[in-house]
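Asks: Numbering (numbering that gives the first Met the number 0), first residue to last: 0 to 796.
Hints should not be assumed to be uniformly reliable.
[To be verified] Distance condition first, Cα-Cα at most 30 Å in a straight line; then the derived DSBU-like pairs of lysine-lysine:
| # | residue 1 | residue 2 |
| --- | --- | --- |
| 1 | Lys779 | Lys792 |
| 2 | Lys322 | Lys295 |
| 3 | Lys316 | Lys295 |
[Stated by the list, open to error] Simulated restraints, written as ranges between beta carbons of each label pair:
| # | residue 1 | residue 2 | range |
| --- | --- | --- | --- |
| 4 | Glu782 | Arg741 | 14 to 20 Å |
| 5 | Trp668 | Thr299 | 37 to 43 Å |
| 6 | Gln433 | Glu782 | 56 to 62 Å |
| 7 | Arg407 | Arg440 | 53 to 59 Å |
| 8 | Thr299 | Ser383 | 56 to 62 Å |
| 9 | Glu519 | Lys453 | 25 to 31 Å |
Note that these hints are calculated values from the structure, not bench results.
For every residue, glycine included, the Cβ atom is placed at its ideal position computed from N, Cα and C.
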Amino acid sequence: MGGEMAQIQRVAVLGAGVMGAQLAAHLVNLDIPVLLYDLPLDKGPTNGRVLQAIHGLKKMSPPPLVELERAGLIEVANYDDHLPRLSTCDLVIEAIGEQLAWKQALYARILPHLAPQGWLVSNTSGLSLEELSAALPEDLQTRFCGMHFFNPPRYMALVELIPTTRTDRDSITVLESFITTRLGKTVIHALDTPNFVANRIGVAATVITFHQAQNFGLSCDLVDDLTGPLLGRPRSATYRTADVVGLDILSHVISTTYTQAPDDPFRALFAPFPLLEGLISAGALGAKTGAGFYRKEGKTILRLDPMTRSYVPSGAKAEAGVKACLEVSLSQRLACLRASTHPQAQFLWAIHRDLFHYCALNLAYMAPSAREVDMALRLGFGWSLGPFEQWQLSGWSEVAAWIEEDRRAGKTLVDLPLPDWAMDPQRQVVHTPQGSWSAARATLSPRLSPPWLKRQHFPLRLLGEGGSTAASAGRTVAESEAARLWTLDEDILILTLRTKMNILGEVALEALDQALTEAEGHYRALVLWSPDPHFSAGGDLKGFIETYTRHGLTGLALAQERFQRVVQRLRCSAVPTVAALQGYALGGGCEVSLHCTRRVAYTETNLGMVEVNVGIFPGAGGLTEVARRAGLRALAAQSPLQVADYLQEDLTRILRCTVSQSAQEARSWGWLESGDVLVPHREELLHVALTQALALAESGYAPALPRLFPVGGVEGRAQMLAGLVNALQGGQISAHDFEIGRILATVACGGELPAGTLVNVDYLLGLERTHFGPLLATQKSRERIQSFLETGKAVRN
Numbered sequence: 000m001g002g003e004m005a006q007i008q009r010v011a012v013l014g015a016g017v018m019g020a021q022l023a024a025h026l027v028n029l030d031i032p033v034l035l036y037d038l039p040l041d042k043g044p045t046n047g048r049v050l051q052a053i054h055g056l057k058k059m060s061p062p063p064l065v066e067l068e069r070a071g072l073i074e075v076a077n078y079d080d081h082l083p084r085l086s087t088c089d090l091v092i093e094a095i096g097e098q099l100a101w102k103q104a105l106y107a108r109i110l111p112h113l114a115p116q117g118w119l120v121s122n123t124s125g126l127s128l129e130e131l132s133a134a135l136p137e138d139l140q141t142r143f144c145g146m147h148f149f150n151p152p153r154y155m156a157l158v159e160l161i162p163t164t165r166t167d168r169d170s171i172t173v174l175e176s177f178i179t180t181r182l183g184k185t186v187i188h189a190l191d192t193p194n195f196v197a198n199r200i201g202v203a204a205t206v207i208t209f210h211q212a213q214n215f216g217l218s219c220d221l222v223d224d225l226t227g228p229l230l231g232r233p234r235s236a237t238y239r240t241a242d243v244v245g246l247d248i249l250s251h252v253i254s255t256t257y258t259q260a261p262d263d264p265f266r267a268l269f270a271p272f273p274l275l276e277g278l279i280s281a282g283a284l285g286a287k288t289g290a291g292f293y294r295k296e297g298k299t300i301l302r303l304d305p306m307t308r309s310y311v312p313s314g315a316k317a318e319a320g321v322k323a324c325l326e327v328s329l330s331q332r333l334a335c336l337r338a339s340t341h342p343q344a345q346f347l348w349a350i351h352r353d354l355f356h357y358c359a360l361n362l363a364y365m366a367p368s369a370r371e372v373d374m375a376l377r378l379g380f381g382w383s384l385g386p387f388e389q390w391q392l393s394g395w396s397e398v399a400a401w402i403e404e405d406r407r408a409g410k411t412l413v414d415l416p417l418p419d420w421a422m423d424p425q426r427q428v429v430h431t432p433q434g435s436w437s438a439a440r441a442t443l444s445p446r447l448s449p450p451w452l453k454r455q456h457f458p459l460r461l462l463g464e465g466g467s468t469a470a471s472a473g474r475t476v477a478e479s480e481a482a483r484l485w486t487l488d489e490d491i492l493i494l495t496l497r498t499k500m501n502i503l504g505e506v507a508l509e510a511l512d513q514a515l516t517e518a519e520g521h522y523r524a525l526v527l528w529s530p531d532p533h534f535s536a537g538g539d540l541k542g543f544i545e546t547y548t549r550h551g552l553t554g555l556a557l558a559q560e561r562f563q564r565v566v567q568r569l570r571c572s573a574v575p576t577v578a579a580l581q582g583y584a585l586g587g588g589c590e591v592s593l594h595c596t597r598r599v600a601y602t603e604t605n606l607g608m609v610e611v612n613v614g615i616f617p618g619a620g621g622l623t624e625v626a627r628r629a630g631l632r633a634l635a636a637q638s639p640l641q642v643a644d645y646l647q648e649d650l651t652r653i654l655r656c657t658v659s660q661s662a663q664e665a666r667s668w669g670w671l672e673s674g675d676v677l678v679p680h681r682e683e684l685l686h687v688a689l690t691q692a693l694a695l696a697e698s699g700y701a702p703a704l705p706r707l708f709p710v711g712g713v714e715g716r717a718q719m720l721a722g723l724v725n726a727l728q729g730g731q732i733s734a735h736d737f738e739i740g741r742i743l744a745t746v747a748c749g750g751e752l753p754a755g756t757l758v759n760v761d762y763l764l765g766l767e768r769t770h771f772g773p774l775l776a777t778q779k780s781r782e783r784i785q786s787f788l789e790t791g792k793a794v795r796n
């Protein structure tokens, strides 16, 4: 597999539009050299279009760049002057406008300059790949396919690969391994049919919802409340998603199905939708024009009244009885909705029924199997369950009978019976451990097992597919409600926490302490990993408050000392310790990670010591650790008296509760070190962590000997206090923030010692304990903690 990925080292992106520029950004995020092309400007800088697009990346939200400075890594090019550079690229991604003639004309222009064995792919969202490839030379046709990324490409996990009849099916594995491991995406194979899989089904779901909302007379805000998180779908739901995508773009995708899929049984539903087309004609294209189905006026969100075409107040919510149906078990949800007479419930049953109907009638023509449909909706549209999963979970035969009953009663949007395979009385499932149903082949289609999938110990599985889970895989060494100690490889021990958000309370710390003892006695390394979205949201605030209430400052100091001791064991352990980071690594979770031998981080990891938000500071060794690192950097620079200069930025981040927006940003801070490893694909995190742990053990690991380091001293503290005074006088921080900042500076700079004094870790840990309890005991800190526990929101009093 490594050899396959090595074949793609340099990439070109053709087209510096919104998608092309973001693709280039994603590539440089992952340190992949990229050239970004567009037409030259007639006036001004020749590369002006590309330069403007790159500049625009810095203003986009969510940010496509992991660090703004990476914009400068994108190589600028134009079609007149720089086509010969294409010969240095192993992969060329075409991402220009969705016009067949434009794309084919560009292909003809670049052909003489492509690398002999390079790939040409199109990021088209729905044009025929067969037609696009028709004008290409035969040898290039084998190295041409569709590679459809979803917007925004940094954040969306799905990529559709669409081969043509002439694409080399063996060589396409080069692309799939590159997309998976280097770009961090999950690939589904799609058929070369209009809008492929994800947009075909996702837009069908939208169109069905539009029609049924009209039939039931439901407003767009009510529909969005019904079809968002209550259904396990994104908060933007239906109409808000349309506004975000852009109504003109949505209309184009709908039109593609209408014009290019004449045999679609639901084709009539994709005809121009009067309300949508009316908004487009009025220039109301959604979020990008400030108005679409919604319009924001100040802080007020208005919604479109389809009858008057005016904007009125929004805020309609699902009725309590309907919400109760949505809160029953997933297997009973559809039965509850169908049995209800409430219009909202009937609407929800109708959009499920009609989407199931659509998927069943079209499956043979639009997807290799039911698996691609459900994966596409999960990864491309953020649904918690795909349509076939929900149907299967609700009872296949029963739901099929309901659909047929409604069809005969004239309730379905299309009067066509379900296909025979769906009505088979023996059928109970479409997803099994052996594979998923392929309507085209009339058999189960087994899941592919390419070599790179071995890097994913627990790949995403659909309901019914089976497979091992992190809760039961491997051999259990010890287990409790708070944690599991287990192994996949007998050499390496894994600790998986089970607390909410992997909060580090007393029982979690006991499990970590036990894991270290067990690892040092019987294993070669310890890995901290969880299948949950987040590494750890931090320490147990509620536990701290309860300890203080029951046992006062003395009890709190003892609890803090236990926390510090366990964290220090991570650094001093006789075996290497590896933190596998993903999602949030905040507060105490961040402190734990900083003390491990090595960190392996998913690229979209958010690190931060955010304790100031709740009126305290990093007291489990985190403040000591940033001071230690600053001191060692000052020593290396032969500037032991200027430690404060190396410490200032970290203390500012801690005071402001700054959270990194990526692992790359955390590495630029120095919180992830040069030896730490970044992983683009979340599902490969455990594999890489285990590999790194074993490599450390194989290298003859021994913990580094403790070193003394200089502190900033009273001089450094004074320097930092001057900055705090300015911030306070400028209204940037509150008086309590100032007090916390003063304590941060005091502890990190070594208390009353002069600048440059050499200290050890224990000295600063003692200062952490001296100041932590009294700060927590202040009224304003307890107000912050109480507010956070009650509302989940920080109050900067």
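Asks: Using the C-beta atoms of glutamate 519 and lysine 453, is the stated range 25 to 31 Å upheld?
Replies: holds (29 Å)
Asks: Take the C-beta atom of threonine 299 and the C-beta atom of serine 383, compute their distance, and say whether it sits inside 56 to 62 Å.
Replies: 31 Å Cβ-Cβ, so the 56 to 62 Å window is violated.
Asks: CB of tryptophan 668 to CB of threonine 299, is that within 37 to 43 Å?
Replies: Holds, at about 39 Å.
Asks: With respect to the beta-carbon atoms only, verify the hint that arginine 407 and arginine 440 lie 53 to 59 Å apart.
Replies: violated (30 Å)
Asks: Going straight from one Cα to the other, do lysine 779 and lysine 792 come out at no more than 30 Å?
Replies: Holds, because 15 Å separates the two Cα atoms, which is no more than 30 Å.
Asks: Does 14 to 20 Å hold as the CB distance between glutamate 782 and arginine 741, or does it fail?
Replies: With Cβ atoms ~19 Å apart, the hint holds.
Asks: Checking one constraint from the list: CA of lysine 316 to CA of lysine 295, max 30 Å. Satisfied?
Replies: holds (19 Å)
Asks: Could you say whether the range 56 to 62 Å given as a hint is met by the Cβ separation of glutamine 433 and glutamate 782?
Replies: holds (58 Å)
Asks: Below or equal to 30 Å on CA atoms is what counts here, so check lysine 322 against lysine 295.
Replies: Judged against 30 Å, a Cα distance of about 27 Å means the pair holds.
When the structure is compared with the earlier hints, violations turn up for hints 7 and 8 and for no others.
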